[in-house]
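Listed below are the residues making up each chain.
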Amino acid sequence: MHDKTIAQLGAGLAAGEFSGEELVRAFLERIARHNPQLNAFITITAESALTQARAADQHRQRGAVGPLAGVPIAHKDIFCTNGVRTSCGSRILDRFIAPYDATVVEKLNAAGAVVLGKTNMDEFAMGSSNETSFYGPARNPWDLKAVPGGSSGGSAAAVAARLTPGATGTDTGGSIRQPAALCGVTGIKPTYGRVSRWGMIAYASSLDQGGPMARTAEDCALLLGAMAGFDPRDSTSVDRPVPDYVAALDRPLDGLKIGLPKEYFGEGLDGEVARVVEAAIAEYRRLGANIIEVSLPNSQLAIPAYYVIAPAECSSNLARFDGVRYGHRCENPKDLLDLYTRSRGEGFGAEVKRRILVGTFALSAGYYDAYYLKAQQIRRLISDDFRRAFERVDVIAGPTSPTVAFNLGEKVDDPITMYLSDIYTIAVNLAGLPGLSLPVGFVGQRPVGLQLIGNYFAEDRLLNVAHRYQQVTDWHRRAPAAFA
Amino acid sequence: MMEWETVIGLEIHAQLATKSKIFSGAATAYGAEPNTQACAIDLGLPGVLPVLNREAVRMAVTFGLAIGAEVARRSVFARKNYFYPDLPKGYQISQYELPVVQKGQLTIDLDDGTSKVIGITRAHLEEDAGKSLHEDFHGLSGIDLNRAGTPLLEIVSEPDLRSAREAVAYMKKLHQMVVYLGICDGNMQEGSFRCDANVSVRPKGDPKFGTRAEIKNLNSFRFVERAIEFEIERQIDLIESGGKVVQETRLYDPDKGETRSMRGKEEANDYRYFPDPDLLPLVIDEEFIATARAGLPELPDAKKQRFMSQYGLSTYDAGVLTTSRALGAYYEETVAALGGEPKLCANWVMGDLSAFLNKDNRDIAQSPVGAAQLAGLLRRIQDRTISGKIAKEVFEALWAGEGDADAIIEKRGLKQITDTSAIEKVIDDVIAANPEQLAQYRAGKDKLFGFFVGQVMKLSKGKANPQQVNDLLAQKLK
Amino acid sequence: MSLGPAEVAKIAHLARLAIRDEDAPAYARNLSAILELVEQMNAVDTTGVVPMAHPLDMAQRLRADEVGEPNQREHFQAIAPRTEAGLYLVPKVIE
Chain A
5 MHDKTIAQLG AGLAAGEFSG EELVRAFLER IARHNPQLNA FITITAESAL
55 TQARAADQHR QRGAVGPLAG VPIAHKDIFC TNGVRTSCGS RILDRFIAPY
105 DATVVEKLNA AGAVVLGKTN MDEFAMGSSN ETSFYGPARN PWDLKAVPGG
155 SSGGSAAAVA ARLTPGATGT DTGGSIRQPA ALCGVTGIKP TYGRVSRWGM
205 IAYASSLDQG GPMARTAEDC ALLLGAMAGF DPRDSTSVDR PVPDYVAALD
255 RPLDGLKIGL PKEYFGEGLD GEVARVVEAA IAEYRRLGAN IIEVSLPNSQ
305 LAIPAYYVIA PAECSSNLAR FDGVRYGHRC ENPKDLLDLY TRSRGEGFGA
355 EVKRRILVGT FALSAGYYDA YYLKAQQIRR LISDDFRRAF ERVDVIAGPT
405 SPTVAFNLGE KVDDPITMYL SDIYTIAVNL AGLPGLSLPV GFVGQRPVGL
455 QLIGNYFAED RLLNVAHRYQ QVTDWHRRAP AAFA
Chain B
75 MMEWETVIGL EIHAQLATKS KIFSGAATAY GAEPNTQACA IDLGLPGVLP
125 VLNREAVRMA VTFGLAIGAE VARRSVFARK NYFYPDLPKG YQISQYELPV
175 VQKGQLTIDL DDGTSKVIGI TRAHLEEDAG KSLHEDFHGL SGIDLNRAGT
225 PLLEIVSEPD LRSAREAVAY MKKLHQMVVY LGICDGNMQE GSFRCDANVS
275 VRPKGDPKFG TRAEIKNLNS FRFVERAIEF EIERQIDLIE SGGKVVQETR
325 LYDPDKGETR SMRGKEEAND YRYFPDPDLL PLVIDEEFIA TARAGLPELP
375 DAKKQRFMSQ YGLSTYDAGV LTTSRALGAY YEETVAALGG EPKLCANWVM
425 GDLSAFLNKD NRDIAQSPVG AAQLAGLLRR IQDRTISGKI AKEVFEALWA
475 GEGDADAIIE KRGLKQITDT SAIEKVIDDV IAANPEQLAQ YRAGKDKLFG
525 FFVGQVMKLS KGKANPQQVN DLLAQKLK
Chain C
7 MSLGPAEVAK IAHLARLAIR DEDAPAYARN LSAILELVEQ MNAVDTTGVV
57 PMAHPLDMAQ RLRADEVGEP NQREHFQAIA PRTEAGLYLV PKVIE
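Protein chains in written order, with our numbering: chain A, 5 to 488; chain B, 75 to 552; chain C, 7 to 101.
Keep in mind that the hints were calculated from the coordinates and are not lab data.
It is possible that some hints are incorrect.
[What the hints assert, rightly or not] Just a few of them, taken from the derived set where beta-carbon distance is under 7 Å, the chain C residues facing chain A:
no. : residue
1   : Leu-20
2   : Arg-22
3   : Leu-23
4   : Ala-24
5   : Ile-40
6   : Met-47
7   : Leu-68
8   : Ala-70
9   : Ile-85
Quick caveat: nothing in here was measured; it's all calculated off a predicted structure.
We put the beta carbon where it would ideally sit given N, CA and C, even for glycine.
Go ahead and model the full structure; you've got the sequences and the hints to work with.
As structure tokens, this is what we get:
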């Protein structure tokens with residue numbers, strides 16, 4: 005049962021092959037067995053999952069239900085879940101029971117999906133390896149010595165290890181796509197504004213976007229269809245109808261113009277990863293696509309601009325964690341200043357502190373123009389690069405990450421090296437475009453992801469392009485031996 | 075002896091009279107139990123997001139139009155970052171580089187009868203903070219976030235004011251304006267309209283400004299005047315005794331009547347303003363402005379001019395009657411109901427009605443005597459059914475809710491006696507009862523005429539028509 | 007731009023973060039390295055480029071002025087570190 009995709013599980017539930025309750029019990033059992041090794045879940049909500057599953061079964065008996073009814077999923081622990089701890093991977097929220105549901109949670113609940121638990125993540129989504137989590141790192145199911153990527157590493161590891169057929173993630177600079185690539189699953193970061201940010205704990209508000217992670221593009225289409233849509237509670241949410249992503253999956257790729265940015269295949273890209281990616285491109289050629297070289301000349305500026313904008317926004321977004329209304333509060337504060345500095349000093353980990361400090365500095369008097377304003381100008385240049393490229397091509401393709409999963413501890417003490425692992429994903433967030441990563445092969449034991457970047461609101465096209473590839477390949481069906 | 079000139083600029087915070095908060099659907103009503111009107115957004119819970127209240131924008135635009143300002147077609151919300159327990163998110167959402175209202179002006183009337191134009195640099199939308207309560211909770215402070223997120227319009231003047239009196243005149247004019255526009259309830263006790271004053275002094279004729287001190291949170295006209303006067307003296311004394319004014323924030327202590335430094339809270343503020351990524355640029359199109367313009371009431375100055383020309387009122391009367399929109403409307407309704415006699419109406423509205431309102435500490439809107447009722451009373455003065463003196467008695471009864479003027483006059487039998495023969499009879503009785511005074515009068519003691527008038531009025535219980543009494547007495551006493 | 011431990015302390019104070027003295031040099035080193043990375047932006051002339059604050063070119067949506075939030079004080083204060091009489095308690099605020 006655990007090896008089936010969401011689409012297959014939905015069909016099985018519909019055909020009465022198994023009940024939602026049986027399904028949830030099967031996955032809860034797998035989680036109980038494998039999570040201690042993987043640390044993919046921070047919180048397991050077994051009881052409420054069973055309640056939800058029974059309710060879904062009852063609904064089904066009473067009449068027609070949607071494709072996600074009774075399907076188990078997991079939420080990245082960045083989405084607020086009413087009555088359930090929402091830690092954001094941080095000590096400061098270790099005992100925070102969210103008093104409301106995020107829109108994404110609400111929508112998936114309404115679709116009948118069953119929440120198995122909350123997945124591990126880099127603290128406040130700041131990291132590319134899951135190692136900044138207060139709860140310790142999740143591990144890569146393909147190789148327990150390797151990181152699962154980050155920040156949505158718990159979701160990626162849980163999906164890859166078949167502990168859940170699908171999960172939510174968030175992506176500020178690659179946090180869905182990079183762990184999807186490193187764990188050999190499919191994940192899509194939608195266009196900024198496509199999925200509501202209400203109830204999604206903010207890291208960098210102008211970059212954050214929630215999205216689904218699953219094994220196939222088809223499953224992502226099913227999940228995204230339920231997650232996406234206008235939300236009046238989010239000023240940056242876009243009021244635009246959600247297309248039927250599943251219906252668009254089978255469109256043929258004849259004549260599709262795929263652009264390969266020459267900057268994504270240069271120095272820094274691991275040679276073996278490059279060969280796997282090139283093989284995937286060759287497959288697309290066989291599927292009828294035209295491959296065209298494009299240029300994104302300001303690509304090398306994406307990381308510098310990102311590491312001003314994201315820290316600046318986070319320094320302000322994380323100011324609310326002050327030990328006054330919720331969250332960690334230090335013991336016996338001697339005065340107000342002590343309450344603030346100690347609660348925050350104890351509550352946040354080193355990487356979060358680094359980014360708060362960088363952001364505070366970049367916004368401070370005398371430095372604003374040189375850092376923050378400059379970064380916003382660079383952001384415009386990067387966005388213009390994409391605009392020009394999309395005048396010539398339908399989709400841009402390249403590696404998701406310059407290397408396969410690295411080992412735990414390998415980069416954790418060197419922030420700069422860690423930052424560079426998002427070199428191909430960050431520009432997409434700066435521009436606000438949709439991006440998808442799908443598994444296209446291995447280097448040794450470790451999976452390689454192909455990144456597809458689309459024009460604004462072209463999620464349907466990205467899912468279609470990924471799906472056609474998955475119809476003729478089986479990388480997405482491979483399971484890590486220990487979790488098959 | 076050096077002559078000094080004072081330079082004052084005011085920053086006024088007007089709480090906008092919306093039902094809900096600027097970025098959330100929580101109520102803004104005053105006086106609720108602590109934290110019962112603080113929703114997830116106001117508390118700054120993780121994951122919450124702001125959405126802008128249309129009404130707050132309309133009010134800001136209305137204000138901009140009323141002061142002849144430029145309404146920015148595109149303005150931006152920014153975050154002002156600082157830590158304070160009454161500031162739940164660790165930042166205040168405000169407008170910084172691009173405010174919604176830019177460059178306007180307000181004309182104030184000075185004591186010497188002249189007027190002066192005061193520049194308004196900008197007015198911007200922002201959210202209010204909560205309150206720290208300092209009653210002792212085991213040595214701790216309590217935080218109430220009901221007020222957090224209440225919409226404010228911060229109105230910043232140019233440093234055009236030259237005395238405490240001018241500052242107060244400006245503040246009063248602005249107060250009248252925002253209340254007129256219906257965008258602020260103007261309640262200063264509840265903090266709906268409060269002021270920070272930037273005060274500096276310089277040698278007269280010096281083009282450079284002196285170093286200024288900012289006096290925070292002045293919530294009455296009297297405090298503004300006293301605080302500024304104290305501050306001017308303090309600065310002059312300081313400079314004249316060889317000291318230097320330091321740029322700082324000061325607090326006015328109304329009990330001691332002095333300002334004191336707030337140092338400590340000041341320490342190197344660096345607010346790190348940047349555009350709020352949760353909010354998009356506020357774009358105001360022509361249609362929005364046209365709608366706001368169409369909803370604009372007649373403004374105080376225009377109304378005052380009209381009252382002078384249309385009703386022939388004096389500058390003073392027109393000024394008093396246009397103090398508030400409701401008072402002006404009441405006056406005009408009275409004139410309309412009566413069909414004329416604007417001066418009579420003015421005297422009554424400014425006289426008896428205002429006195430009764432004051433006595434009961436009521437607003438014109440809460441007057442138990444409506445404009446139509448007052449007009450009903452004035453009509454009976456006009457047609458001489460009652461005298462002005464009797465009218466005061468009728469007004470008291472009106473105020474007490476004893477029905478309309480005619481019913482009161484009827485019930486109490488207050489109708490004026492205009493029947494000549496009836497008056498003559500009273501006069502005859504009075505003359506007969508006072509032979510001594512009659513003799514004296516006829517001997518040339520003219521001023522006894524008044525005595526006879528008084529006696530006639532007394533005997534007629536004030537109902538005899540005074541003019542007729544005069545005429546008839548004059549004939550009879552001859 | 008290179009930052010020393012004293013500058014880090016100043017920024018940490020602005021951000022209300024307690025940083026242990028022994029950690030300050032490492033933060034200073036890391037922060038300086040990050041600033042060096044971001045200063046690569048200076049390689050490009052951005053004169054006249056309009057800063058981009060949002061990925062989408064949209065205007066702020068306005069909501070109707072309606073009260074729609076019920077009182078949830080007990081619910082929200084159930085997760086508060088310290089409350090009394092409906093108030094959040096903090097060390098004395100001095101004005």
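Checked hints:
1. With 7 Å as the threshold, the beta carbon of C/Leu-20 comes within range of chain A, its nearest partner Cβ sitting at about 5 Å, so the hint holds.
2. The restraint placing C/Arg-22 at the interface with chain A holds, with a minimum CB-CB distance near 4 Å, inside the 7 Å limit.
3. For the restraint placing C/Leu-23 at the interface with chain A, the shortest Cβ-Cβ distance is roughly 5 Å, inside the 7 Å limit, so the hint holds.
4. For C/Ala-24, the suggested interface contact is upheld, since its CB lies about 3 Å from the closest CB of chain A, less than 7 Å.
5. Because the beta carbon of C/Ile-40 sits about 5 Å from the nearest beta carbon in chain A, less than 7 Å, this interface hint is met.
6. Given the 7 Å rule on beta carbons, the hint for C/Met-47 holds: about 5 Å separates it from the nearest Cβ of chain A.
7. Interface restraint check for C/Leu-68: the shortest CB-CB distance to chain A comes to about 9 Å, outside 7 Å, so the restraint is violated.
8. Taking 7 Å as the C-beta contact cut-off toward chain A, the hint placing C/Ala-70 at the interface is violated, the least distance being around 10 Å.
9. Interface restraint check for C/Ile-85: the shortest CB-CB distance to chain A comes to about 5 Å, inside 7 Å, so the restraint holds.
In this structure, the hints that do not hold are numbers 7, 8, in rising order.
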